Amino acid sequence: MSVLRLLYFARVREAIGRDGEEIERPAMAETIADLVDLLAARGGGYAEALADRSRLRAALDQRFVPLDAPLADARELALFPPVTGG
Amino acid sequence: MIRAAITSAAPDIAAELARLEALGGGGIASFTGIVRGEDGLAALELEAWPAMAERALGEIAGEAAARWPLLGVTLLHRHGVLEVGERIVFVGTAAAHRAPALEACAFLIDWAKTKAPFWKREHRDDGSRRWIEARHADDAAAARWG
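Residue numbers (the numbering used here), protein chains in the order written: chain A, 1 to 86; chain B, 1 to 146.
Since the hints were made in silico from the structure, they are not lab data. Treat the hints with caution; some may be incorrect.
[As the list claims (entries may be wrong)] Stretch-level coverage of chain A by chain B, calculated; a stretch enters the list once three of its residues show a Cβ under 8 Å from a Cβ in chain B:
1. 4-10
2. 58-68
3. 74-82
[Unchecked claim] Far from chain B, some chain A residues (derived; all Cβ distances over 10 Å):
4. Thr31
5. Ala47
6. Ala51
[As the list claims (entries may be wrong)] Simulated DEER-style distance windows between Cβ atoms:
7. A:Pro82 to B:Asp126: 24 to 30 Å
8. B:Gly40 to A:Ala72: 30 to 36 Å
9. A:Gly44 to B:Ala22: 53 to 59 Å
10. A:Ser54 to B:Ala18: 40 to 46 Å
11. A:Asp61 to B:Ala9: 28 to 34 Å
12. B:Glu86 to A:Arg5: 31 to 37 Å
13. B:Gly85 to A:Gly44: 28 to 34 Å
14. A:Asp61 to B:Gly85: 18 to 24 Å
15. B:Glu59 to A:Ser54: 34 to 40 Å
16. A:Arg53 to B:Asp126: 29 to 35 Å
Predicted, not measured: the structure shown is a model, and the values here were computed from it. All C-beta atoms, glycine included, are put in the ideal place defined by N, C-alpha and C.
Build out the structure end to end from the sequences listed, making use of the hints.
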């Protein structure tokens with residue numbers, strides 16, 4: 001088992017109630033979407049934060065990637081809403 | 001010269017423009033994004049992912065330098081709670097001639113709005129807070145650069 005660091009930002013951070021956590025990488029989760037399904041199944045703030053996949057974006061090791069991207073051997077996954085800077 | 005950073009203090013625009021003017025080009029272009037005064041808006045909060053934001057801004061600036069013949073690129077983005085009228089973002093470009101400076105300036109702000117990890121939240125006069133939704137128009141503006 002390897003450790004995956006999760007980071008949450010903006011609305012996602014607020015709904016989940018924390019800005020990140022470390023988890024054991026689930027063997028069943030091949031893609032980011034798979035892992036998001038497992039996190040959402042925790043219910044509560046996780047379910048709320050991750051319910052609308054059309055408004056969910058991700059970065060693996062600080063690279064923006066689509067939700068169907070494989071987790072592969074990434075060490076860090078960030079989940080957040082579409083960015084609104086500038 | 002590429003200068004890309006996330007800052008908490010407001011950019012000193014005169015100093016930033018002087019830095020670009022010193023590069024010997026014939027054209028300097030700039031864009032400054034300001035917190036717009038809207039009914040009921042007390043302040044605008046910019047949440048950032050600092051580690052990635054710095055990298056993303058640097059890559060966006062590098063992309064502009066690769067696409068246009070620029071002598072200098074400056075891309076500064078703030079985070080924190082900003083009052084109405086405060087500067088959020090500063091983009092500056094220097095080139096031998098005006099066209100690349102102006103085009104690259106437009107490109108830089110379009111990409112900064114859609115490809116750097118910042119999130120805006122309104123602080124309202126009544127004490128409530130509201131996350132700003134991403135706009136399709138911003139995605140379309142970024143997409144036109146390919």
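Here's how the hints hold up against the structure:
{"no.": "1", "hint": "4-10", "verdict": "holds (count 3)"}
{"no.": "2", "hint": "58-68", "verdict": "holds (count 3)"}
{"no.": "3", "hint": "74-82", "verdict": "holds (count 4)"}
{"no.": "4", "hint": "Thr31", "verdict": "21 Å, holds"}
{"no.": "5", "hint": "Ala47", "verdict": "18 Å, holds"}
{"no.": "6", "hint": "Ala51", "verdict": "15 Å, holds"}
{"no.": "7", "hint": "A:Pro82 to B:Asp126: 24 to 30 Å", "verdict": "26 Å, holds"}
{"no.": "8", "hint": "B:Gly40 to A:Ala72: 30 to 36 Å", "verdict": "46 Å, violated"}
{"no.": "9", "hint": "A:Gly44 to B:Ala22: 53 to 59 Å", "verdict": "55 Å, holds"}
{"no.": "10", "hint": "A:Ser54 to B:Ala18: 40 to 46 Å", "verdict": "45 Å, holds"}
{"no.": "11", "hint": "A:Asp61 to B:Ala9: 28 to 34 Å", "verdict": "30 Å, holds"}
{"no.": "12", "hint": "B:Glu86 to A:Arg5: 31 to 37 Å", "verdict": "33 Å, holds"}
{"no.": "13", "hint": "B:Gly85 to A:Gly44: 28 to 34 Å", "verdict": "40 Å, violated"}
{"no.": "14", "hint": "A:Asp61 to B:Gly85: 18 to 24 Å", "verdict": "38 Å, violated"}
{"no.": "15", "hint": "B:Glu59 to A:Ser54: 34 to 40 Å", "verdict": "26 Å, violated"}
{"no.": "16", "hint": "A:Arg53 to B:Asp126: 29 to 35 Å", "verdict": "32 Å, holds"}
When each numbered hint is compared with the structure, violations occur for hints 8, 13, 14, 15.
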